[in-house]
Structure formats: C-alpha cells, structure tokens
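Colleague: For reference, the chains in residue letters:
2 protein chains.
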Amino acid sequence: MPRVPHVEKHFTATENVRDIVIGMSDGLTVPFALAAGLSGAVENTSVIVLAGLAEIAAGSIAMGLGGYLAAKTDAEHFVSEREREVRETIEMPEEEAAEVARVFLDYGLPEHTVGTVVDALRSDQKRWVDFMMKFELGLEEPNPTRARVSALTIALSYIVGGMVPLTPYFIWRSSVHTALVASVIVTLLALLVFGYIKGRFTTPRPWRSAWQTALVGGLAATAAFIIAKLIG
Amino acid sequence: MPRVPHVEKHFTATENVRDIVIGMSDGLTVPFALAAGLSGAVENTSVIVLAGLAEIAAGSIAMGLGGYLAAKTDAEHFVSEREREVRETIEMPEEEAAEVARVFLDYGLPEHTVGTVVDALRSDQKRWVDFMMKFELGLEEPNPTRARVSALTIALSYIVGGMVPLTPYFIWRSSVHTALVASVIVTLLALLVFGYIKGRFTTPRPWRSAWQTALVGGLAATAAFIIAKLIG
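Here the protein sequences come in this chain order: A and B. What the first sequence shows, in numbering that gives the first Met the number 0, is residues 0 to 231, in sequence order. What the second sequence shows, in numbering that gives the first Met the number 0, is residues 0 to 231, in sequence order.
Quick caveat, the hints were computed from the structure, so don't treat them as lab data. Among the hints, erroneous ones may be present.
If several chains are the same, the list does not tell them apart, and a pair holds so long as it fits within one copy or across any two.
As the list claims (entries may be wrong) - Here are the simulated SDA-like pairs of lysine to any residue, each with C-alpha atoms no more than 20 Å apart in a straight line:
hint	residue 1	residue 2
1	K71	V163
2	K125	A189
3	K71	L214
4	K228	G217
5	K133	S122
6	K125	P92
7	K133	V99
8	K71	Y195
9	K71	T177
10	K71	T166
11	K125	V102
12	K71	E98
13	K228	T201
14	K133	I226
15	K125	E14
16	K71	W210
17	K125	R81
18	K71	P141
19	K125	A74
20	K228	E98
21	K228	S45
22	K133	T72
23	K133	D105
24	K133	R207
25	K125	A96
Here the structure is a predicted model, which means the values were calculated and not measured.
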C-alpha cells in the first residue's frame, strides 16, 4: 500500500488495520458459513465444533504463514529489482535516462525541461535509483520486520473472528438448531459492526460497507447450508 | 499492482495470474487441511466430504464476492480521490503546486528546475491531476470490468483447488485412512507444482516457492489434524 504524504487530507489505512481486516473478515465469514452449512446436515454439535476448530487452525495458518512468505517474497523482489536498477544505471545509463525522460514527456513536460530534470536526477545515483523504484516501477521499500507482525496479526484476527460463530455451538451443545440460530444472529451482528468499522477506514459510506460485509457472510453461509442439505 | 512500463526487463504478474494464485493457493490449502484434520477424528468419509464441500462453497463465495466488493471500493476510492484532487487544483492551486514541488525537491532537483517542472505540469489540469494521482498518491486507475472477472477467477480457482484434496474422499468412501493418505500425497504434489509455477511468475527461485507452498499446506493440515485429534 503506497504511503500517502499528506495524511490529514487523504485516507490511508495503517498496515495493522489492513491486516486485522484481512484476517477478521475471512475469520468471521468462513468458519461461520462452514458451521451453518454443517448445521443443515448434521445432528451433532460436536462434529460442527470439531470442523470449525479444524478450519480455524487451517485458515489462520494458511493466511498467516502464507502472508508471511508473500511479504518475504515482496521484500526480496524489491531488493533484486533495486540491484537491477543500480546495475542498469552503471551499465546502460543512457537507456535508463531515456526511460525517466519518457515518464515526464508523457506528462507533457517540454523537452528541454525534461533534460534538466533527468540531468539533476542522474547527478546522484542513489536518488536516481530511488526515483525509478518508486515512480517507474511503483515499488515501495518494504519494512523488514513487517512480515512477522503482519503474519501474527492476520492469524490472530482470523482466530478471534472465527471464535464468534463457533461460541454458540459450545454453549448450546445439545441443540444444533438453537446454536445455529444464535450463531447466525451473533455473527451477522458482528459482521455488521466489523463492516461498519472497516468502512470508516476505507470508504465515505460505512453503512454500505456494514451491510455488504454481512451480505457476503450471509450468502456464503446460505450456499454452504444448501450444499450440505443437498448432499447430507 | 502497479503496471510496469518495460515488461521485457522487469517481471509483472498479470492480474489474472495473480487472481488464480490467490484463489488456488487458499483452495488447495484450507479444504485440504480441514479434510485432513477431520480424518483424525471422524470415522466416516461422508462427514468429511460434506464439510469439505461446505467449506469450498463458503470459501469461494467469501473470497470471490469479498474480492469483488473490495475492487469496487478501490474503484470508488480512485474516483473520489480524483475528484478531490481536481477540486484542490481549482480551489488551492498554490498548495497543490507546492506538494508537487516537494516531491521533486526531495529527489534533490534544484529549485529553479522544480519551478519549471511544476509550471509545465500545471499548464494542463488533466495531466496535473493524473500526475498527482499516480506519483503523489500512488493510485492507478482501476479497470472498470476488472472486479467481476477477478471475482469469478478467484472463486473458480478456489473451487478447482479445493476439489483436489477432496477427490480421494469420493473415491475411497469406505476408508478414511486410505483417502487421507491419498489426499496428502495428491495435494502435496499439487502444492509443489502450483508453488513452482507461482514461483516462476514471482521470484527467481521457483523451487523454494514450491517447497514453501507445500510446507504451508502441510503445516495447516498438521495443525488441523492435531486439534481435531485432541478434541475429537
């Protein structure tokens, strides 16, 4: 996510908020839908709790560890692209200068101005490479400790989100029906609240985010329920 | 993902490849881990097939529809930020010009050059706004038909990925143990192949991507198996 220089005007979600959103929105949705689906075909809450907890373990590891490795790959990608740009500014400086010039010419800058800009950028190799990394390739330098924090945040958010729809199945162990109804009510409310808060960070219309988030969860649960009913 | 102008030199995953990777990597991992986990606690393949199919339905909808809404939100975010920038170039052109100037001053351009660049950019409002959208805010104009294609690609990839670990449970309906062993072999192979192909697109080290992808799936499945054994 590109960092925005003037925060007071344009919204930017912090990376932690984004990770919580990623983990929690899947955590609230998928275990919810799985539990609701199984409720359509299974008489026994213990199977649902078992499947739900197995799903939370699988999902949190897949998302957290997957996110960790993806962040590590991004960081390496940045380093290798940067090395390539450094090499290119040494081995083929004219081609690289022409690439920078093209960026500015496309924005309608007159040629003599572009020449001055390119010469000024070229005068300092580090800045020249920095400029190309950001404006030509659109790559931001990743924070080195980010991957681990991000993985843990996503995994924990998935677990916290996933426990919401499962809790009723712990409480009403003897009645799948009661647990299902309670799980649907509690989780839809949680999705509304979560969608609203997420929307406050990402859109000017948080209420729409609230009902859309609840809708995705509701549709996923309905689809899982119908499939389980058909084959159960 | 920012588009890269000179594709022949720097890698860029197409958006479709990225969507297939997103859908398939979770599709291969989470239903696999769920089925393996349940195999540790349930005697009956039909419960595993049921839970697996419910999970695939839930996961594909959550990822596909969730991705659709996220892409729509991004598109709206772009439009509203663009409108804001247009307004600002009219209402407070000097502040906006100063922001652009700051970008270039940070890269060490001499002040008189920056003045010429800013004046050239300001001379055409559309280009000026385009420039700020891309270089100051780091936002690319989203493709309007992208959201729907992306949602379908992610959802279908999730379904295709998820059917791989479940297929053995359809074939060996009478033995959870045989189905589990077959599912582990088939899915780890699929994760290796998928991780290798993904790595060919994203890193210079595709073999490492192969074993890392298999490792994430294997760990998620092991964790789900242990949890299901403990409580099952």
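Colleague: Hint by hint, which ones does the structure fall short of?
Modeller: Structure breaks hints 1, 2, 9, 10, 12, 13, 14, 15, 20, 24.
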